[in-house]
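Q: Sequences listed follow chains A and B, in order. Residue numbering for the first sequence follows UniProt numbering, beginning at 1 and increasing consecutively. Residue numbering for the second sequence follows UniProt numbering, beginning at 1 and increasing consecutively.
Check each hint, because a few of them may be wrong.
One copy or two, it doesn't matter: identical chains are merged, so the pair holds either way.
Here are the simulated SDA-like pairs of lysine to any residue, each with C-alpha atoms no more than 20 Å apart in a straight line [unchecked claim]:
1) K21 - E33
2) K36 - L59
3) K79 - P49
4) K79 - L10
5) K79 - T46
6) K36 - V98
7) K79 - V50
No lab work stands behind these hints, which were simulated from the structure alone.
Protein chains: 2
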Amino acid sequence: MFVHHVFFWLKNPDSSDERAKLLDGIKQLKAVETVKTFHVGVPATTNRPVIERGYSFSLLLIFDNLEDQDTYQVHPIHKNFVEECSPLWSKVVIYDAVDT
Amino acid sequence: MFVHHVFFWLKNPDSSDERAKLLDGIKQLKAVETVKTFHVGVPATTNRPVIERGYSFSLLLIFDNLEDQDTYQVHPIHKNFVEECSPLWSKVVIYDAVDT
Chain A
1 MFVHHVFFWL
11 KNPDSSDERA
21 KLLDGIKQLK
31 AVETVKTFHV
41 GVPATTNRPV
51 IERGYSFSLL
61 LIFDNLEDQD
71 TYQVHPIHKN
81 FVEECSPLWS
91 KVVIYDAVDT
Chain B
1 MFVHHVFFWL
11 KNPDSSDERA
21 KLLDGIKQLK
31 AVETVKTFHV
41 GVPATTNRPV
51 IERGYSFSLL
61 LIFDNLEDQD
71 TYQVHPIHKN
81 FVEECSPLWS
91 KVVIYDAVDT
């Protein structure tokens, strides 16, 4: 199991147009064939010092293995997403985790 | 859907005893009844500037909703885990994400 968790900070987090554009772009990624679990999220209401809440959207993708994640990285849908949406974000943080 | 993703930095990441103790503690959390998806991970081999790779273990828990996550927070298994294992870690970062 390969867990790919991405957090996006928008340059203009209060712009509803830019939020909608990024959200729409993220949702396209679900169509990549090797994606087994897909979740796009926003920060929950939970609020403790250890909780990071500053991002605009989270994207959780679960793949069967590293190879399937590699396929996703170079997939035209993903490449198009990065091209179209990367101008919208100021920061991205990714955590890739595999079985122990 | 409530995605609870936790990243642990060990005080002594090279101590096999401390790694084993934390890993064992994390695995106990799977038994909490409201946990729907459970994954404990280590950093993948992927390595790009946007990827955070410094943590020792990741824990992905998916709950049906906030209430189920709240139940987990006060569950005796979780409270015992924090009591037993928190001396082992130097930092914890949590991302809680819910449906958009």
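Q: Each hint needs a verdict: does it hold in this structure or not?
A: Verification of the hints:
1. K21 - E33: Result: close neither inside a copy nor across copies, 22 Å intra and 37 Å inter.
2. K36 - L59: both (13 Å within a copy, 18 Å between copies)
3. K79 - P49: between (35 Å within a copy, 17 Å between copies)
4. K79 - L10: Within one copy only: 19 Å inside a chain, 35 Å across chains, cut-off 20 Å.
5. K79 - T46: between (33 Å within a copy, 17 Å between copies)
6. K36 - V98: both (14 Å within a copy, 19 Å between copies)
7. K79 - V50: between (33 Å within a copy, 16 Å between copies)
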